[in-house]
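J.: Given next are the chains, with one letter for each unit.
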Amino acid sequence: MGALAVDKGEMSEFRGDNMIKVSKLSKIYSIGEVKTIALDNVSFQIDKGEYVAIMGPSGSGKSTLMHILGALDQPTSGQYILSGENVSKLDEDQLADIRNRKIGFVFQSYNLLPRTTTMQNVMLPMSYAGIEKEKKLETAKKYLEMVGLGNRLLHTTNQLSGGQQQRVAIARALVMNPAILLADEPTGNIASAQAEEIMSIFEKLNNQGHTIVMITHEPDIAKHAKRIIHIRDGKIEKDEKIKH
Amino acid sequence: MQDIIETIIEGFQTLTLNKMRTGLAILGIIIGIGSVITLISLGQGSQKSIEDQIQSLGSNLLTVSPARQSSGGIMGAQGGSTSLTLSDAKKIEEKLSTTLISKISPEYSSRSQVIAGRNNTNVSIIGVYPQYADIKKITMSKGVFITERDNSSISKVAVLGPTTATDLFGEIDPIGKTIKAGNQTLKVIGVTVSKGGSGFNNPDDMIYVPLTTAQKQIFGKTNLTSISIEAKSKEIMVQAQDEIGYLLLSEHKLTSPEEADFTIMSQSDLLSTVSQVTGTLTALLGGIAAISLLVGGIGIMNIMLVTVTERTREIGLRKALGAKKKTIITQFLIESILLTFIGGIFGMIFGLTASFVISKIMNLSYVISISSIALAIGVSSLIGIVFGLYPARKAANLQPIEALRYE
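Protein chains in written order, with this note's numbering: chain A, 1 to 244; chain B, 1 to 407.
Worth flagging that the hints you see were computed from the coordinates, not collected in a lab.
Since the model is a prediction, treat every value here as computed from it, not as a measurement.
Accuracy of the hints is not assured; some may be wrong.
30 Å max Cα-Cα, derived DSS-like pairs, lysine-lysine [claimed, not checked]:
| no. | chain 1 | residue 1 | chain 2 | residue 2 |
| --- | --- | --- | --- | --- |
| 1 | A | 135 | B | 324 |
| 2 | B | 221 | B | 156 |
| 3 | A | 133 | B | 156 |
Given these sequences and hints, build the entire structure.
T.: Dropping the structure here:
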């Protein structure tokens with residue numbers, strides 16, 4: 001399985017359609033004299049349209065990897081290329097721009113603005129991109145309908161259930177039509193019935209061609225993906241394809 | 001532009017979420033701006049009142065008063081000089097009435113206890129000629145003013161200011177009644193119209209008698225305490241002041257202006273002196289009030305810092321979704337400016353109302369200056385920027401991961 005994935009990676013490099021290309025990525029935290037290696041020379045590629053789960057126990061470095069993939073943090077060394085752009089060398093405002101245009105975040109705790117309507121939440125990334133109001137309203141409405149919340153447009157976020165809030169977050173992640181959808185424990189705070197709903201939305205999005213990277217520690221959730229990268233002690237332990 | 005309007009609306013919504021806290025933060029600014037406006041407005045009002053009072057006496061007025069006299073290096077008491085006499089006044093009239101001056105009024109005034117029946121009061125008694133009423137623009141509400149004949153016959157008559165009349169006679173008509181001043185019994189022949197003055201030398205609280213009566217009968221003096229002179233026009237004021245000065249110097253057999261035993265004040269001299277004093281006072285009061293504005297500003301900074309800490313997760317999320325540093329700074333600056341701007345508007349309303357009420361109670365002129373409105377809007381917005389900048393920068397510099405992790 002692992003060998004297959006490597007083969008595919010090499011092939012896709014020639015085809016040039018890899019969405020994420022990470023090479024020799026390291027992240028070292030130093031607190032005084034003590035140095036902690038969170039990521040140790042990690043290299044992998046993710047192609048357009050893939051659905052990848054990154055799994056690992058806590059302290060494995062998967063959160064650090066997620067922060068770097070999400071352009072929220074910079075690696076100590078190594079290179080990260082996201083849909084043709086070298087992210088590892090950008091300054092703070094350029095990173096903000098990458099996050100805005102190329103990455104759709106789905107967080108464990110939803111991170112919606114409290115006491116604000118679902119529409120306003122979903123429109124937020126478009127406001128930062130300077131998109132005009134008509135377009136914002138239209139796009140936000142389209143994606144909220146897509147996640148099945150067309151009848152909740154003007155509800156404030158605290159009037160919604162956990163599952164509904166996460167669906168709002170997914171709609172928000174999609175409005176800028178990002179290169180990747182980056183989900184950090186997307187079902188961690190949600191009851192299992194609603195978690196299935198979220199997973200089926202992800203599946204649907206992947207079938208439409210969206211590239212999805214999901215960080216999780218739950219094997220049941222990871223199984224929904226088509227490929228699982230296992231991380232332990234800052235290194236890739238296993239890279240496997242899942243047959244459905 | 002659309003972004004700014006959206007940010008303003010959003011900021012407004014955020015502020016309404018915590019009404020109590022927002023209200024208290026704004027209150028600091030309301031009190032600050034309100035007290036600055038109130039005190040400046042009251043200062044300007046009292047300045048205007050005093051100026052109006054001085055101006056109501058006529059702008060062509062010159063006042064000659066005796067000055068401290070030095071004889072052989074020994075200084076006499078201020079105003080205690082007896083250098084000014086009726087013959088000085090006659091000389092001025094004789095020499096200058098055709099060219100420079102239109103009216104001249106020699107005066108002797110002093111304070112004395114005055115009794116009427118069971119009432120008594122300590123009041124300024126001033127001996128005058130009829131010209132005094134013309135120069136000082138005094139009109140009669142009852143009876144007549146002092147005449148030339150009263151002076152030549154040294155009549156024991158008196159005209160009362162309205163305040164004095166009330167003090168001595170209450171509601172009773174004082175005309176024809178008698179008052180006792182010194183050893184003399186005087187008959188009241190008139191009451192003047194109120195001029196609305198206050199304080200020292202209030203024209204409403206005065207007794208007018210013939211100059212001769214004041215000098216010879218009541219006080220037993222021969223000198224004058226002042227000579228009021230009205231110049232023919234405003235333009236020749238300085239010339240008149242000089243001519244009178246040189247005339248009096250030669251009358252008093254003095255050679256240089258340094259030795260002068262008198263001073264000549266024009267209305268404009270008095271006006272500028274008073275304006276300077278009240279202006280300084282207004283600035284001082286405004287400065288003290290500005291301290292409360294500063295305290296209000298610090299309150300805003302405090303609230304904004306609390307807000308930034310509380311909303312760390314929100315800031316992290318906004319940054320994760322693509323907000324740049326500038327966007328976050330703008331968002332928080334707009335919130336603090338909104339706080340101080342709203343405070344400024346309410347503070348202005350509060351200040352203008354308070355100064356209106358107080359000026360009515362204290363009987364001062366009510367002055368609304370455009371500068372105080374500009375101050376309310378300008379200064380309050382400026383405070384929002386100055387005290388909001390640090391918290392806003394603190395928010396903008398948060399690292400998105402740290403902010404997202406914050407519980």
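J.: None of the hints should be skipped; say for each whether it holds.
T.: Hint check:
1. A distance of roughly 21 Å separates the Cα atoms of residue 135 of chain A and residue 324 of chain B; the hinted pair therefore holds under the 30 Å criterion.
2. Proposed proximity of residue 221 of chain B and residue 156 of chain B is supported: the alpha carbons are some 16 Å apart, at most 30 Å.
3. Using a Cα cut-off of 30 Å, the hinted pair residue 133 of chain A and residue 156 of chain B is violated, with the two alpha carbons roughly 91 Å apart.
Checked against the numbered hints listed earlier, the structure breaks hint 3 alone; every other hint is satisfied.
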